[in-house]
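Taking the hints into account, I'd like the entire structure generated from these sequences.
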Amino acid sequence: MDEPHAVVVGGGIGGLSAALALHRRGWRVTVLERAPELREVGAGLTLMANALRALDALGLSPALRSSTHAEAPGGVRDRRGRWLSRVDAAEMIRQLGTSALGIHRATLHRLLGEALPASSLHTGADVEHVESETDHATVRYHGPDGPRTLDADLVVGADGLRSRLRAQLWPEIPAPVYAGSTTWRAAVAFPEPIPTAITWGPAAEFGMVPIGEGQLYWYGAITAPPGGHAPDELAAVRDHFGAWHEPIPALLAATPPGVVLRNDIHHLATPLPSYVRGRVALLGDAAHAMTPNLGQGAGQAIEDAVVLGAVCSGGAQGLPTALAAYDEQRRPRSQSIARASLRAGRYGQQLHNPVALAVRAAALRLTPPSATLRSMTWCADWRPPTN
Numbered sequence: 001m002d003e004p005h006a007v008v009v010g011g012g013i014g015g016l017s018a019a020l021a022l023h024r025r026g027w028r029v030t031v032l033e034r035a036p037e038l039r040e041v042g043a044g045l046t047l048m049a050n051a052l053r054a055l056d057a058l059g060l061s062p063a064l065r066s067s068t069h070a071e072a073p074g075g076v077r078d079r080r081g082r083w084l085s086r087v088d089a090a091e092m093i094r095q096l097g098t099s100a101l102g103i104h105r106a107t108l109h110r111l112l113g114e115a116l117p118a119s120s121l122h123t124g125a126d127v128e129h130v131e132s133e134t135d136h137a138t139v140r141y142h143g144p145d146g147p148r149t150l151d152a153d154l155v156v157g158a159d160g161l162r163s164r165l166r167a168q169l170w171p172e173i174p175a176p177v178y179a180g181s182t183t184w185r186a187a188v189a190f191p192e193p194i195p196t197a198i199t200w201g202p203a204a205e206f207g208m209v210p211i212g213e214g215q216l217y218w219y220g221a222i223t224a225p226p227g228g229h230a231p232d233e234l235a236a237v238r239d240h241f242g243a244w245h246e247p248i249p250a251l252l253a254a255t256p257p258g259v260v261l262r263n264d265i266h267h268l269a270t271p272l273p274s275y276v277r278g279r280v281a282l283l284g285d286a287a288h289a290m291t292p293n294l295g296q297g298a299g300q301a302i303e304d305a306v307v308l309g310a311v312c313s314g315g316a317q318g319l320p321t322a323l324a325a326y327d328e329q330r331r332p333r334s335q336s337i338a339r340a341s342l343r344a345g346r347y348g349q350q351l352h353n354p355v356a357l358a359v360r361a362a363a364l365r366l367t368p369p370s371a372t373l374r375s376m377t378w379c380a381d382w383r384p385p386t387n
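Quick note on numbering: the numbering used here labels position 344 of the sequence shown as 344, and the sequence is numbered without any gaps.
Misleading hints may appear alongside valid ones.
[Unchecked claim] Label-pair distances were calculated between CB atoms; the ranges are:
1) G314 <-> A356: 48 to 56 Å
2) R39 <-> G59: 19 to 27 Å
3) P193 <-> E172: 44 to 52 Å
4) S119 <-> L161: 27 to 35 Å
5) E246 <-> A361: 39 to 47 Å
6) S66 <-> L357: 57 to 65 Å
7) P273 <-> Y347: 22 to 30 Å
8) D239 <-> N387: 50 to 58 Å
No lab work stands behind these hints, which were simulated from the structure alone.
Yeah, the Cβ is synthetic: ideal placement off N, Cα and C, and Gly gets one too.
This is the structure:
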């Protein structure tokens, strides 16, 4: 039997996870990344139980555990530093089987890339068109050496928020829309131990996540018109958050200006009717770009990849049935989490009415920690396929 061939369009966390999942199942994979080098842009992220189980299924557990930081008990504060809700690490482990882990995005990206054959990774490859036939697919792209064409049994669209494959094959789906918030992010050297925590203010939020090796990831988000930029983004962050409770001012003081990233938050407001068209399957942001309010963007992409690998374990034979199973398993869950994440932002970072803020603070203080934890982590209660 010929070795089945999958072309993965996009070399981010979702694309590399998909390539690794298929590689582990006996597929020959070709990853086409548009950027001239394979690297992840961003700062840190939190891996909750679902993402950790998915990465375990990809065989990354030993390397991952040595490159992450177990998150210390934290919770939610107001901007004066008063705790509104605390997270019990022991209760999280009891409910989910593990604590959450913080990691630099570039570290996770490197671990995924190193687990793949170097020959499968192609940069500077700008995919121009995909044709999906009954028994194969064709990918046309422009590489460093000029135009190229690849035949494949399966094409995986992991080309992100502005997915070309989604625009080509799902032209009826509108482009992603602005969610109403802009965010700043940075990873900085900060050896002082700090718990993972979120601080809420009127239409603003600041988060801190230890990511190991003496580093800490922070983000600040505000409700604002789209397209905003400042000559000095770090100064803009200080304007919004510099008077909030410690250690926020200390973190900003430790941040070099050149490392601050600013991005408007967009999401796919019109859900896809299917993640599959012919022999093309979308995953990650290409399929269900969501707001970051539940911290599940990367986790859902990795889940997608693990399920795709599992359903395609039989190779190219029976692929239409396998892809139908992928869509059936992944679309309801990921779209539900995307909707919940959007709601979480509206009642979290975007809340600004003083009365509503006071009601929210009182409700958080009165809610038992175990119930608060369940409301925050329900989406992390997922396990990979066993086949």
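Checklist line | Enumerated hints in conflict with the structure, sorted upward | finding: Violated hints (numbers, rising): 5 and 6; every other hint is consistent with the structure.
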